[in-house]
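Novice: For the sequence shown, full-length UniProt numbering gives the first residue as 1, with consecutive numbering after it.
Careful, some of the hints might be misleading.
[Said to hold, decoys possible] Derived DSS-like pairs: lysine-lysine, alpha-carbon spacing no greater than 27 Å straight-line:
id	residue 1	residue 2
1	Lys108	Lys163
2	Lys29	Lys163
3	Lys250	Lys163
4	Lys168	Lys111
5	Lys250	Lys111
[To be verified] Estimated spans, in silico, between C-beta atoms of each pair:
id	residue 1	residue 2	range
6	Ile277	Pro86	25 to 31 Å
7	Met80	Ile270	35 to 41 Å
8	His96	Phe281	20 to 26 Å
9	Leu9	Glu52	57 to 63 Å
10	Leu246	Leu173	21 to 27 Å
11	Thr162	Asn101	17 to 23 Å
12	Leu6	Thr74	27 to 33 Å
FYI, nobody ran anything at the bench for these hints, they're computed from the structure. All C-beta atoms, glycine included, are put in the ideal place defined by N, C-alpha and C.
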Amino acid sequence: MDFASLHELLRSTYDEMMPLCAQMTGIAKGIAGLGALFYIALRVWASIARAEAIDVFPLLRPFVLGFCIMFFPTVVLGTMNAVLSPVVQGTEMMVHQQEGNLAELTAKRDKLQEEAYLRNPETAYLVSNEKFDEKIEEMGIIGPEDAVTIAGMYAERAAYQTKQWIMKMVHDLLELLFHAAGLIIDTLRTFMLIVLSILGPIVFGIAVWDGLSGSLTAWFSRYISVYLWLPVSSILTALLTKIQVLMIEKDIEALSDPNYLPDSGTWYYIVFFLIGIVGYFCVPTVAGWIIEAGGGIGSYGRNVNQTAQHGAQGAYTGGKAAMAGAGAAVGNVGGRIKGALLKGK
Numbered sequence: 001m002d003f004a005s006l007h008e009l010l011r012s013t014y015d016e017m018m019p020l021c022a023q024m025t026g027i028a029k030g031i032a033g034l035g036a037l038f039y040i041a042l043r044v045w046a047s048i049a050r051a052e053a054i055d056v057f058p059l060l061r062p063f064v065l066g067f068c069i070m071f072f073p074t075v076v077l078g079t080m081n082a083v084l085s086p087v088v089q090g091t092e093m094m095v096h097q098q099e100g101n102l103a104e105l106t107a108k109r110d111k112l113q114e115e116a117y118l119r120n121p122e123t124a125y126l127v128s129n130e131k132f133d134e135k136i137e138e139m140g141i142i143g144p145e146d147a148v149t150i151a152g153m154y155a156e157r158a159a160y161q162t163k164q165w166i167m168k169m170v171h172d173l174l175e176l177l178f179h180a181a182g183l184i185i186d187t188l189r190t191f192m193l194i195v196l197s198i199l200g201p202i203v204f205g206i207a208v209w210d211g212l213s214g215s216l217t218a219w220f221s222r223y224i225s226v227y228l229w230l231p232v233s234s235i236l237t238a239l240l241t242k243i244q245v246l247m248i249e250k251d252i253e254a255l256s257d258p259n260y261l262p263d264s265g266t267w268y269y270i271v272f273f274l275i276g277i278v279g280y281f282c283v284p285t286v287a288g289w290i291i292e293a294g295g296g297i298g299s300y301g302r303n304v305n306q307t308a309q310h311g312a313q314g315a316y317t318g319g320k321a322a323m324a325g326a327g328a329a330v331g332n333v334g335g336r337i338k339g340a341l342l343k344g345k
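Put together the whole structure using the sequences plus the hints.
Specialist: Structure follows, in structure tokens:
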């Protein structure tokens with residue numbers, strides 16, 4: 001299965017869905033226009049009520065957001081994708097380079113491994129049909145003992161081929177799951193980007209209203225965070241591929257020794273596919289470390305909670321001080337009254 005073509009299909013799907021965001025501009029214009037009316041009127045009336053000069057610069061914000069809504073596919077999405085796409089292209093080049101080196105070194109390792117088996121007379125018949133036939137001809141069939149020996153050779157050769165087949169099947173299965181996990185991440189990324197892009201004009205329209213401007217910051221942070229899923233997954237793939245390249249280079253160096261006897265077990269290569277499958281599902285978390293996906297709304301809520309906690313603690317401390325002061329004053333007055341009564345006696 002060609003997973004590269006599936007990833008390209010997701011790219012083309014995103015490009016085909018982008019014009020749909022233009023259908024939301026009409027609704028977004030209505031929301032933004034009504035919000036701009038209240039936004040500008042409130043500030044103009046507040047300045048008139050305070051007999052102050054009207055500051056025109058803050059009043060330009062709704063017009064800028066309206067301009068972004070009108071040309072959303074080109075101004076907003078086009079600019080952001082143009083800035084972020086070199087990151088994707090750079091990480092994909094890293095992956096292609098490492099995969100090319102891995103394919104070349106794997107072919108070289110397999111050839112050296114077969115030559116190492118052929119050099120050893122005890123294992124040559126396991127990988128070569130000619131050596132197997134030559135060994136049988138050298139032995140000849142004299143009696144039942146030779147027949148048992150030949151049957152054992154057939155059994156040993158079948159066991160070796162079965163082991164190689166099972167390992168290859170497990171390797172291919174985990175490799176399929178590895179690429180499938182990457183495809184799942186890319187599919188979810190494309191879906192989220194399409195939703196954020198189509199509903200982006202609505203977010204810009206809502207951001208015109210007072211108290212809802214944090215939604216604009218949250219939209220930008222979430223879009224960038226989701227967009228970075230692909231570069232992060234590409235870096236993970238390049239890292240695992242590079243580790244495999246180093247391991248194969250080590251095997252090639254060992255196979256270059258004529259006295260080295262190769263081991264048919266390559267389970268440690270399969271382990272990295274398991275690591276990659278688990279690592280792919282950590283991609284959203286790692287992308288969230290690069291940019292805060294919560295946006296301004298999360299920070300605003302956290303600051304409000306912290307302010308409320310500090311305010312409550314201050315009120316509690318102030319209340320204790322006030323109660324202590326009041327108690328001291330009452331005690332002082334009571335002491336003076338008691339002293340005056342004693343003197344009167």
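Novice: All the hints need checking, so say for each whether the structure fits it.
Specialist: Comparing the hints with the structure gives:
1. With a C-alpha separation of about 21 Å, the suggested pairing of Lys108 with Lys163 holds against the 27 Å cut-off.
2. Between Lys29 and Lys163, the direct Cα distance comes to roughly 66 Å. Violation of the 27 Å bound is thereby established for this hinted pair.
3. With a C-alpha separation of about 23 Å, the suggested pair Lys250 and Lys163 falls inside the 27 Å cut-off, and the hint holds.
4. Proximity of Lys168 to Lys111 is assessed by CA-CA distance (about 16 Å); at most 27 Å being required, the pair is judged to hold.
5. Between Lys250 and Lys111, the direct Cα distance comes to roughly 15 Å. Compliance with the 27 Å bound is thereby established for this hinted pair.
6. A C-beta distance of roughly 28 Å is found between Ile277 and Pro86, which places it inside the suggested range of 25 to 31 Å.
7. Between Met80 and Ile270 the beta carbons are some 39 Å apart, a value that agrees with the proposed interval 35 to 41 Å.
8. Checked against the hint of 20 to 26 Å, the pair His96 and Phe281 passes, with Cβ atoms roughly 23 Å apart.
9. With their beta carbons about 58 Å apart, Leu9 and Glu52 fall inside the hinted range of 57 to 63 Å.
10. About 24 Å separates the C-beta atoms of Leu246 and Leu173, a value consistent with the hinted range of 21 to 27 Å.
11. The supplied range of 17 to 23 Å is broken by Thr162 and Asn101, whose beta-carbon atoms lie about 31 Å from each other.
12. Checking the proposed 27 to 33 Å range against Leu6 and Thr74 shows it holds: the Cβ atoms sit about 28 Å from each other.
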